[in-house]
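Student: Chains as they are written, first to last, in our numbering: chain C, 7 to 221; chain S, 7 to 221; chain H, 7 to 221; chain R, 7 to 221.
Hints were generated in silico from the structure; no laboratory data involved. None of the values given here were measured: they were computed from a predicted structure. Among the clues, some could well be false.
All copies of an identical chain are treated as equivalent in the list; a pair is satisfied when it fits inside any one copy or across any two copies.
In silico BS3-like cross-links for lysine-lysine, where the CA-CA straight-line distance does not exceed 25 Å [unchecked claim]:
1. Lys9 x Lys151
2. Lys118 x Lys205
3. Lys205 x Lys151
4. Lys118 x Lys209
5. Lys118 x Lys9
Protein chains: 4
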Amino acid sequence: MDKAYIKVLYQPNLENPILVAGLPGLGNVGIMVARLLTEHIHAKLFAELYSPVLPDYTRTDENGLCSLLCFRFFTSEENRRLLILIGDAQPPAEDISAYYEICGDILDFVSKIGCKFIITVDGVPVTYAQRVIYVAGTSKRTAEKYALMGAKVYTNGKIIGIPGLLLGLAKIRGISGICLLSPILDLISDQEATFNAYKFLRKILGSGSENKSLQ
Amino acid sequence: MDKAYIKVLYQPNLENPILVAGLPGLGNVGIMVARLLTEHIHAKLFAELYSPVLPDYTRTDENGLCSLLCFRFFTSEENRRLLILIGDAQPPAEDISAYYEICGDILDFVSKIGCKFIITVDGVPVTYAQRVIYVAGTSKRTAEKYALMGAKVYTNGKIIGIPGLLLGLAKIRGISGICLLSPILDLISDQEATFNAYKFLRKILGSGSENKSLQ
Amino acid sequence: MDKAYIKVLYQPNLENPILVAGLPGLGNVGIMVARLLTEHIHAKLFAELYSPVLPDYTRTDENGLCSLLCFRFFTSEENRRLLILIGDAQPPAEDISAYYEICGDILDFVSKIGCKFIITVDGVPVTYAQRVIYVAGTSKRTAEKYALMGAKVYTNGKIIGIPGLLLGLAKIRGISGICLLSPILDLISDQEATFNAYKFLRKILGSGSENKSLQ
Amino acid sequence: MDKAYIKVLYQPNLENPILVAGLPGLGNVGIMVARLLTEHIHAKLFAELYSPVLPDYTRTDENGLCSLLCFRFFTSEENRRLLILIGDAQPPAEDISAYYEICGDILDFVSKIGCKFIITVDGVPVTYAQRVIYVAGTSKRTAEKYALMGAKVYTNGKIIGIPGLLLGLAKIRGISGICLLSPILDLISDQEATFNAYKFLRKILGSGSENKSLQ
């Protein structure tokens, strides 16, 4: 295996879906938000992305069934405009090209199924409790729009790893998107930051009757 | 040399063979079990896999003959349903893609010669002596089956390196298999763990008159 | 994304342009000199080079707009014989192939638009203040020529990273060039070294009425 | 530049040449022996191999002329059966695939010009002065043959880096060869070990009137 392999379980019936991507990161915010959303819309697994840049071990579950680490894509019959990505792991920190490769693989796949807008969610470490959600976007106008909905523009910062790179690469492909960053005090697992990010995400996803306003 | 090269010494006469893979790992269990089995069935070397991800030195033997490190495949006239793999080395720990690459190379080769079932063998470090053999499988049913033969299901664990990755990659290709893990107290070379694993392996290999029950 | 991607904003009207390349390096001399020159000739951005060997984060600006790190190419209506490259970052120090790859990508692009001469600018650490500019070239004659204009030949040294490698790779493609090295005392940002290098660069760029003498 | 590039200065008139390869290594023995041989037969540079796995800097000479690091091939009108390789540098130690890649590139090139036998030369660290030359070969018979000429068979050892890997890779391509290892006390530059290795090399090169006996 020298490049990514995507196992498609079934072809979902999507309409210009928005991708919500939750990846392992700071405070585990991204993954937990994506899981909450998955449960909320009763989304089902429809594709798995395997890649040689993900860690080289397999996990066994409670039945002794072993599986490679992968990135999972979910969608729901209830909401044909949402596509959710949950990643098991990020590539090793020192392998920069791996980050570009896996983000390119994700974009190849989601743009083929019609995705034109991406929302990544991550934590951002702070030194005192804050309830604000920061937003950065692939255009000034996009960032401003979500600022008007209650987020604070994330100015002069860095967005590290897949949550940032996915957006940066989307932009040069002509795909729009935003990154929501929730301030965290706990680097491992920050429940409150997760809940704040989830609430804001639900607010913006519900803002247009057909989510059209997002694009 | 930028990818694996397989030198086939002769074409063996195999019938849906099971692959038993012993690789350098914890307690040296995998390699020692594979060597015992090779001797038991009088298996002969029929192919060598060379790869640019294996260490960059050559060894010389007692005659001054120098050879690259490689993975060796053995088979026997006595048992046309067994294929044994013994590996000289694993890739460097930090080169994750290398693990995916070499496992893919192994699977390409063995599936071309009809292999549909894989058994990897490794040690698993424990803190007190245990005689049990743990088993994980590419399906819940497979793991259960070997549990019924006396193994203990390896739940909620990790299988690191080639023994785990080979199984994980086999699974997404539709090849079944199990990993047998023997508890070790000695990380370098654990004879007793090796013997226990070998005994269990012989038991399951002998369980079907033609090994059919394995598949 | 597994290789460089160049986004061309518009096709500039160039005539055998000279490339002046300023990259992150010692004393930040290269980038600062390239920026001064860009302002001086009112050069405008016309192309961006994105590469999977550049760092794996995105930056956000004062408007929350996020962008990948990249190498930017500038040119000016005022001077159709100048092409300026400003790089955001160098690849990680331990990834040697990445340096060859990105230098090759730069040379592919600039040679396609007719560039036949390259000037790289960097700092060189010294232990006491010096006002000299060192020069190395892709031929003995080239180095000598700029020595006659006031530079000192950079003998028996090393030019590390993109400023050196770009020149070395240009040479084997039949493209000529020089590297200007300005002695620095401050490794992070040396203003005086930058000013000295910029003055010398302006001198040699202005030396031919049509810059022809450079080639 | 993403793979090796060989610049051929002229086509030499060779007859089944033997390659003598001197690479940076222990005690600098390999390079010094290859240089002595180059001077002795008045060999001239005829090809240069550039590779993205060699260090990412350029050197400048006493005239300010800058050049990439490379591997140089020499041959002589006086002896059409000798081909000499002198390498500027080895790839970084942790980049194992780089070693396989550059050795493959060397073998591709020399086998295309008819080379069927390879002699690599290196130092081997010892703790007390020894005048012996160790030999390892691509076959038991080859090693024995040079043992009869006065070398000692290098048993149960490792030959690290290009001197070993080049031989190991040659073997699986059906090219024969030996490695001469001269015991060194000085890891940086061992003159006496160099001289001993050179003397033995001259002896075996002179042993056949047309070097035929080597093959």
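Student: With reference to the structure, classify each hint as holding or not holding.
Tutor: Against the structure, the hints come out as follows:
Within a single copy, Lys9 and Lys151 get their C-alpha atoms no closer than 37 Å, and across copies no closer than 33 Å, so neither meets the 25 Å cut-off. In this homomeric assembly, Lys118 and Lys205 never come within 25 Å of each other (Cα to Cα): the closest approach is 29 Å inside a single copy and 51 Å across copies. Proximity of Lys205 to Lys151 under the C-alpha cut-off of 25 Å is restricted to the intra-copy arrangement: shortest distance 17 Å within a copy versus 46 Å between copies. With identical chains, the CA atoms of Lys118 and Lys209 are never at most 25 Å apart, being 27 Å at best within one copy and 50 Å at best between copies.
Proximity of Lys118 and Lys9 under a CA criterion of 25 Å is satisfied in both settings, with 18 Å inside one chain copy and 20 Å between copies.
Checked against the numbered hints listed earlier, the structure breaks hints 1, 2 and 4; every other hint is satisfied.
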